[in-house]
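If you use this note's numbering, the sequence shown corresponds to residues 37 to 366, in order.
These are computed hints drawn from the structure, not numbers from a lab.
Just so we're clear, the structure is a prediction, and the values are computed from it rather than from any experiment.
Don't take every hint at face value.
As the list claims (entries may be wrong) - Below 20 Å or equal to it, Euclidean Cα-Cα: the simulated SDA-like pairs (lysine to any residue) are: (1) Lys84 / Glu106; (2) Lys225 / Ile249; (3) Lys38 / Lys70; (4) Lys63 / Phe262; (5) Lys84 / Ala270; (6) Lys63 / Ser82; (7) Lys84 / Ile249; (8) Lys63 / Lys84; (9) Lys70 / Thr53; (10) Lys225 / Arg281; (11) Lys70 / Glu106.
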Amino acid sequence: MKPFLFPFTYIDTPELTACGQFFQGLKVFQFSNKTIPPEMQTDFDSGKVEAVMPDPDTRLSFETALAETESWAQSHRLGAASYAKGHRNRIPFFDASSVAQIRQDIRRIDQQAQPADTHENETMAARIFLQMAQFFDVQNRSIVQQMHRQASMEKTLYEELRGDAALAHLDFEKEFDDPAQYMLLDRLKAWSRVWTTTSDSHDLFVTTRQAVIALIQEHFPKNIDFLPIATLPAIGTNAHDTQERYRDLWTFCHQLVTADPARITESGLLDTYPPTPGTSDGIQIHWLPGISPGQLFGYLCEQTDSTKTRATNGVKGMNTVIGLIETEKM
């Protein structure tokens, strides 16, 4: 009973706590055991988060490609000077082999790749991108925590030196960068491509970012309705009926995934939890009736028609359910 968190692969403690008000755990993509952040490893070990590794047979090739990408990034970090360090025995672009090298590079570009190879390369590139984004998210979270500690120390110092009355003009409640502000559309496309390689039409999806829902609405056909159809309150983890309420939520969502849209509408099921957008500490259920997850994510990652068909696994009548968990500041 774990929905997929998307389009991120890193989840920190506040976010996991917020999601825990509705589900007993989450699934996130991970591509190598060597790249799992220590704090997430604890969550994997406890069962709160499930690591989904697409096509484990490609793990070694992924690690090799990731190492090459990091090496390339490191060598180009300082521009021309770093490039020269990689060519110690010659001057870049001016040695005798440069013309032949450039000609060979052009030939490689002109060579038509096989469709299967292209699909594999695009999927590998998507995994590399998501992994690099995870490195960024981990580093960003560490910086944010340090800045919060610094702000708290500054506030305490001012209170001790000048008193509370002098703090009115000081903004200690600083707004820090949200990872969703960085290449969110690229993250969504890359995550969608990876998901279609391990697709399960019965998957549920959850996000804590309103911007993700807005992007899907923006890039999906305008004639497709994608609106919140229900809002459910948080589940009290200490209540005696907590397990029952978890099951009720899961059953409710899966009914939306598999049921005929017309029957759901006529049944009155949606009347139980009327949508109230903007409610804090609640989960908004967004429904795409008649659109399977394979169709949605295949469209978002701009796959070919044949790949889209393969991604849906031939399943008809499936709907997509995405939960938006709205919380106070995390």
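Structure-based check of all given hints:
Straight-line distance between C-alpha atoms of Lys84 and Glu106 comes to about 30 Å, which puts the hinted pair past the 20 Å bound. Distance restraint check for Lys225 and Ile249: the Cα-Cα separation of roughly 13 Å lies within the 20 Å cut-off, and the hinted pair is therefore satisfied. Note on Lys38 and Lys70: the hinted pairing is violated, with a Cα-Cα distance of about 23 Å set against a maximum of 20 Å. For the suggested pair Lys63 and Phe262, the alpha carbons sit about 23 Å apart, so the restraint of at most 20 Å is broken.
Of the supplied pair hints, the one linking Lys84 and Ala270 holds, its CA atoms being roughly 17 Å apart against a limit of 20 Å. Distance check on the hinted pair: Lys63 and Ser82 sit about 13 Å apart at the alpha-carbon level, within 20 Å; holds. A distance of roughly 24 Å separates the Cα atoms of Lys84 and Ile249; the hinted pair therefore is violated under the 20 Å criterion. Between Lys63 and Lys84 the CA atoms are separated by roughly 9 Å; this keeps the pair inside 20 Å, and the hint holds.
A distance of roughly 25 Å separates the Cα atoms of Lys70 and Thr53; the hinted pair therefore is violated under the 20 Å criterion. The suggested pairing of Lys225 with Arg281 is violated, with an alpha-carbon distance near 33 Å, which exceeds 20 Å. At roughly 14 Å between alpha-carbon atoms, Lys70 and Glu106 fall within 20 Å of each other, so this suggested pair holds.
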